[in-house]
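Fit chain H to the known structure of chain B by using the hints.
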Amino acid sequence: MRYLQDRIFSFLICAFTALSFVSLLFVIYFIVREAMPLFSEVSPGEFIFGDRWMPIGYTGEPSFGIFNFIAATAAVSFLAIIIALFISIGAASFLCLCTGEGTREGIYSVIDLLAGIPSVVYGFIGIVVLLRIFFRVGVHTGSCVLAASILLSIMLLPVLISSCCESMLRARDEYLLPIKALGVSEWYGLATVIIPASWKNILLAVIPAVGRAMGETMAVMMVIGNANLFPSLLGKSETIPAVIALEMGTAVSGSTHYHALYGAGLVLMVMLFVINTAISILRRRLSRI
Amino acid sequence: MRHLSKLVKLWAFLGIGITLGTVAFIFLFIFYEGASVISPSFILESPSGAILGTEGGIFPAIIGSLFFTGTAVAMSAPAAVAAAAYITFFCKNDRMKVVLHSVINTISGIPSIVLGLFAYSFLVKSLGLGRCILSSGTALAVMILPFIEIRAEKAFGELSEEMIRSSDALGCSRTYMFLKIALPSCKRELISAVILGGCYAMGATPPLIFTGAVAYASVPESIFEPAMALPMHLYLLVAQGATSMDTAYGTAFVMLALILILTIIARALGGFRK
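Chains as they are written, first to last, in numbering that gives the first Met the number 0: chain B, 0 to 288; chain H, 0 to 273.
Since the hints were made in silico from the structure, they are not lab data.
Heads up, none of these hints are tricks.
Mimicking DSS-like on lysine-lysine, the simulated pairs with C-alpha atoms at most 30 Å apart in a straight line are:
hint	chain 1	residue 1	chain 2	residue 2
1	H	K186	H	K91
2	B	K199	H	K96
3	B	K179	B	K199
4	H	K153	H	K96
5	H	K5	B	K199
6	H	K5	B	K179
7	H	K91	H	K179
8	H	K186	H	K96
9	H	K179	H	K96
10	H	K179	H	K153
11	B	K199	H	K153
Counterexamples of contact, computed for chain B against chain H with all Cβ distances above 10 Å:
hint	residue
12	I81
13	D172
14	A277
Which residues of chain H face chain B? A partial, calculated answer using Cβ under 7 Å:
hint	residue
15	G202
16	F209
17	I258
Remember, it's a predicted structure, so these values are computed and weren't measured experimentally.
Yeah, the Cβ is synthetic: ideal placement off N, Cα and C, and Gly gets one too.
Isolated chain B (complex conformation) (with noise of 0.2 Å):
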């Protein structure tokens, strides 16, 4: 009886588990189906590449481009996490140096309260807040590329701290006591060598923060402006998810723009998955070294 049990106990966690695996698989199954139908009508070089994103044709042939759409998505966060990393390095700088475990724990909790707010509170923030000074300073609309990168690096802060800390407070535990002894003082000791000595695990940390920031919708949907244009600091632009998210409503099922729009959902699950694999193969690569 209780053998009996327990084999089915056994297989219904491996068919929960199976939930999994059949997901993913549904997800993938689902975005490929949808956006076949486009690569029929639109070359995928021309999709990738062209600048003209007419999906209705008012005035001439409509068109599928999502270059600047794929261009804005990699600014927007390529800016982001060098915002985000500025930030996070000094605020683990001080975790490591001017803290105890205790407070340490306290600030913490603090921080992980920014990965708990959602992202359109974000975006309704940077509107009322972040666009006023933009505009005031005399950015039309106040809408704009830096805008959402500064949004977007706030998102990432938690990660980014707790990872930097990490690996900083590894290097410290290994050289504070070296520095000390040659007299230097903790600052300098932490400039030349501890943040040097954890450079490389802070760029391999970065990773999974490239994937939340490329495919944050909300935040950044909210501030940048969304015109279809080549990404420029105070310019606006309009990355993949955005498209996505304001025209999947207007798009009629069935219709070139509505394969157009999982076509671009598509790029961007390649993008990231091409970014986490090249990252994994390169981490194991290092950890061997």
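For chain H alone, coordinates are given in the frame of chain B:
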């Protein structure tokens, strides 16, 4: 040398200052601006006004959000905990573990808007469910699956190896061990993981936009109808512009308060970060 250490010190204080300042600013700003809008009628009434949302309350959105979150958690938690249990206790094949981990990593890397596309194509169109709570709930469930799984696996991983070995040595089956030892001793961490997953689902907008959240609906009665959701409502209020800014602050207030309370409960249950 002195300059460099001063510079780094400045950088460190700047970094932590910006970070903690931002946290304080966001919460104080929303709570300060939103407090004047909050009243019993704001929480318990439906939205109204010539332009929807300028007057009235957000009651259907609160209940709608609870429906979306509840559906997502109910679908996701068993699968996530089972996957974590399988990886830690039941799986004997190392290669299988690697595969499962990479599947879960891949899922966590899928942008939430793509999950919205998936739910639209699969549930709304192919299964013919139409825009409803179940369609959105499925997208949210896939989104929080890795989130809960990672935390559950961490909780199971912290069980002492000795305890598991002892139960094996006594001839207990892994099922018995899981039900009698692992589950009871990780109960608090698991509940905390599920609540945090719920918070994550409650705040997400992209999977809902075209799969089940609508601008106006009454309080939902089943999971087969569309409903309002707090994040979607906030987005629409902000998109409408200046006329509905007050209610937008109120909505943001309610959302942050809900999430803050749930996070504190989850933290208290799971013990503060180890």
